[in-house]
Amino acid sequence: METDMYEQLQGITKRPEPFEFYTADLLWTDSHVSKKMLEFHLDGSLDLASRNTGYIESSVDWMTRHFDIGEGKSVCDFGCGPGLFTSRFAEAGADVTGIDFSERSIEYARRTADDQGLDIEYVHRNYLQFETDRKYDLITLIFCDLCPLSPFQRHVLLEKMRGMLAEGGAVLLDVISLKHFESAEEKMTCDYSPGDGFWSLDPYYAFVNSFKYDDEKLLLDKHTIIERSRTRTIYNWLQCFSQESLRAEFEDCGLEITEYYADVTGNPFDPDSTQFAVVGRKASS
Amino acid sequence: MADSDRINIVDMMDDHVPVVSRIVCDGYRWLAENEGYTDEQLARLIETRGCEESIRRQSLQYRFLVAVFGSDVLGVAAIEGNELTKLYVDIASHGLGIGSALFRAAERIIADAGYSELSLGSFASSVTFYENMGMIISEHQSCNTGPLAGRQVIVMRKQLGVQARP
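Protein chains in written order, with the working numbering: chain L, 193 to 477; chain X, 2 to 167.
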């Protein structure tokens, strides 16, 4: 028995290779977890799954001005969640598409669009597998959604975005910076949820092992969720970027970064910030 | 077609073996979940067909191909004669064209070796993928030996030169 527990703890604390395991789907496809994610999205006071309401408002305000969003312009939001950005783009008169892996979020977004009388195309799909012949003036990927992806997934996504850009179109996305990586620490925590916690309706113990991968500038929060009847391990990867490393990935996909900002509200780039945002356009050949 | 033209299909090198083993073992776990293998069947599959030692041993018999992006191995397939086996893709790269790229590379190698037919043993959860690659179900056979003894294998064949569905 003691050996079993020792081996289980060894498994829980074991450091995987970068992107050795991948469980991002679970956040969007597990019924209970996707419900909790949607609650976070819709709580305008929180910054957990989406940005808080004030941030979204100022972000949309800046994007609308900066990219001249309105009648005759098309916008595609990758990872649109419940439509917090897409509905505002549509209100500005743009032709809008939103893609999200969470069926629950997309259903909410569709209902909201119907209620508001907004004509928005919502697609329930893993955006890595999204295919379209349409071209867009602006493609957004907000809340650092590039960072949980593996190098190949990022390459596929950026190539896809490049192929979807209209002439003169732009990609806007934000990422986690090396400042965040430098301040992150390896640690282990254990918490108990008596019921209706983030990971399950049932009571559970949650071990969280945080790992740093110095060569790759990669972070991992490995969650081991132990319930009476099941144990799950969830891997939340977070790739951190310098301006140079992000630029190299863009260039690899035929995109050039034309602008750097502190965030997607258009604040000036700040080297001390834990995040930054970029605008990318098709590289001139 | 792979989503990215940056995927290369190359012969497996010795330093690929640990990742190949991990991808194959993950593939067995996926199959076990979808095909209802017992814990014992899964453990025997991993021990006799998936672990690093067994991959190295099998590489003497099969030609192993790997799909690489930069230095990352994202998928594997093995060929012996006109038979394709062990086609597995890293979980994070599912649905991004890696399996199709590996299949097509293996198909070319088998055709270039002079075979007029490609064959493989599949399971129900993989049949649709192979049908999309132009394979046709030929027969159902029972495994007589090995970790999956007693289970049904779906034998699929493809006349080479026949185009896969676009």
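Since the hints were derived computationally from the structure, they do not count as laboratory data.
The beta-carbon is built from N, C-alpha and C at its ideal position, and this holds for glycine as well.
Treat each hint with caution, since some may be false.
Said to hold, decoys possible - Chain L side only, calculated, beta carbon under 8 Å to chain X, not exhaustive:
(1) TYR214
(2) VAL315
(3) ASN318
(4) HIS347
(5) VAL348
Going down the list of hints, with the structure as the test:
1. TYR214: 4 Å, holds
2. VAL315: For VAL315 (chain L), the interface hint is violated, since the closest Cβ of chain X sits about 15 Å away, which is over 8 Å.
3. ASN318: 7 Å, holds
4. HIS347: 6 Å, holds
5. VAL348: 5 Å, holds
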